[in-house]
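Chemist: Below, each chain spelled out in residue letters.
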Amino acid sequence: MNKDMFLDSLRNELFRARASMVELGEILNDYNQLIDEAIEGGMDEGKFISGLGNPNELVLEIKTNIGGFQKNRASDFTLGIKPSALKDGKLFLDFIFIIAFIMIGLITNDWHPTWVILLFGLGVLFSKGGKNVLEKIQFSALFFTPATYVLLDHYFDNPYLGLFSMVLPVISILNKNYKQILTVALLGLTVILGLNFGVWVFIGLSTVLFIIQTLNIDNPIDHDNFGIFVFLILGMNFSMWHPGWIVLVIYTSSKLVIRKKGK
Amino acid sequence: MDSQFKKGALEICILKVLTKKSMSTFEIMGELHEKLEITENTIYSILRRLQKDGLIKPFTKKLPMGAPRKYFELSELGEITLKERYQQWNNFIKHVEEVMEEDYE
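Quick mapping for you: the protein sequence lines, in order, are chains A and B. Using the working numbering, you'd call the opening residue of the first sequence number 1 and step up by one each time. Using the working numbering, you'd call the opening residue of the second sequence number 1 and step up by one each time.
Hints in this document: simulated from the structure, not taken from any laboratory. Everything numeric in this text was worked out from a predicted model, so none of it was measured. Any given hint might turn out to be false.
Stated by the list, open to error - Stretch by stretch, here's where chain B covers chain A in the computed footprint (C-beta under 8 Å, at least three residues):
#1 49-55
#2 58-66
To be verified - Here are the in silico distance ranges between beta carbons for each label pair:
#3 B:Trp89 / A:Gly41: 22 to 32 Å
#4 A:Ile246 / B:Leu77: 43 to 53 Å
#5 A:Met1 / B:His95: 43 to 53 Å
#6 A:Asn132 / B:Glu84: 51 to 61 Å
#7 A:Leu60 / B:Glu84: 51 to 61 Å
#8 B:Trp89 / A:Val133: 56 to 66 Å
#9 B:Lys35 / A:Phe95: 47 to 57 Å
#10 A:Thr64 / B:Val99: 25 to 35 Å
#11 A:Gly46 / B:Leu77: 33 to 43 Å
Glycine included, C-beta positions come from ideal geometry on N, C-alpha and C.
Make the full structure from the sequences, and use the hints.
Modeler: Written as structure tokens, this is what we have:
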């Protein structure tokens, strides 16, 4: 196991143990520095990391010795733009898509489906998180697929358009991400119900479940993209794409500005 | 040796090594890991507890090369606590030795 893999695994374990974001950031920084110092001291990276043991046991050890993690508290939050958003250009990209959305909306006065541009923007942003080309495609498809679906649904009134959502599981299978088999089955069942009986009530929920599982999100309510989940359910289940997109814009903007300390 | 007993001793040892100079987590581990046969993760978690209790203070040190590093130094409370615990530890050891040297036969 190398440093990145160890830190990724540690991050997941801390998140699962419900460590506050401040503690999570501190512990990850400490172990990052620790491993760097060990390497600089001439130690073998792999050997040193394997000596550290399983991140799961490490989290348990910390939890036991410090008497449990702090829960997320109001004091964990502060106002300001996330430094990481400035560093990797996310903020700049966000603004480009938001400005494009406002300008096209103002010129055409067709706010629906112009807001779809925001979904494409999120797809581009999320693709940056993928570790390889297939994962980048998988992450961006989570947004490109519903965006394309909304556009097709707006211009063509075809009952078989629900089938378009099957693009997502196909990409997952290509990416050998078999963990979501139950969610894929639910999505498939939803599409079958929709095509045969015109019942599309589960489409939003199953798509959101699929996204949650693809991104390996443990706690969707506490997640930065909770607004997107609500928006997709509003749109896909209740056809409230408009004005549902307002939830998306407000929630995403607030997550960008109200950040947790240390992030 | 019992792990709780080791952890108690480890707290005193961490406080003691920090009386010499401020150190990074890695340096503290280098001093204690092999001597006390305690894992790096236990040392790290005890460091966090000592920090939480205000016995040691973290600070960032700029280095000529590379990113700034986190170091620890002993706080005033840490110095007082070290003296108290070291005294308690010595008394405890003394009493254990007395018991062990006693002839119970």
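Chemist: It remains to establish, for every hint, whether it holds in the given structure.
Modeler: Cross-check of the supplied hints:
1. 49-55: holds (count 3)
2. 58-66: holds (count 6)
3. B:Trp89 / A:Gly41: 22 to 32 Å: holds, 31 Å
4. A:Ile246 / B:Leu77: 43 to 53 Å: holds, 52 Å
5. A:Met1 / B:His95: 43 to 53 Å: holds, 46 Å
6. A:Asn132 / B:Glu84: 51 to 61 Å: holds, 56 Å
7. A:Leu60 / B:Glu84: 51 to 61 Å: violated, 30 Å
8. B:Trp89 / A:Val133: 56 to 66 Å: holds, 59 Å
9. B:Lys35 / A:Phe95: 47 to 57 Å: holds, 55 Å
10. A:Thr64 / B:Val99: 25 to 35 Å: holds, 30 Å
11. A:Gly46 / B:Leu77: 33 to 43 Å: holds, 39 Å
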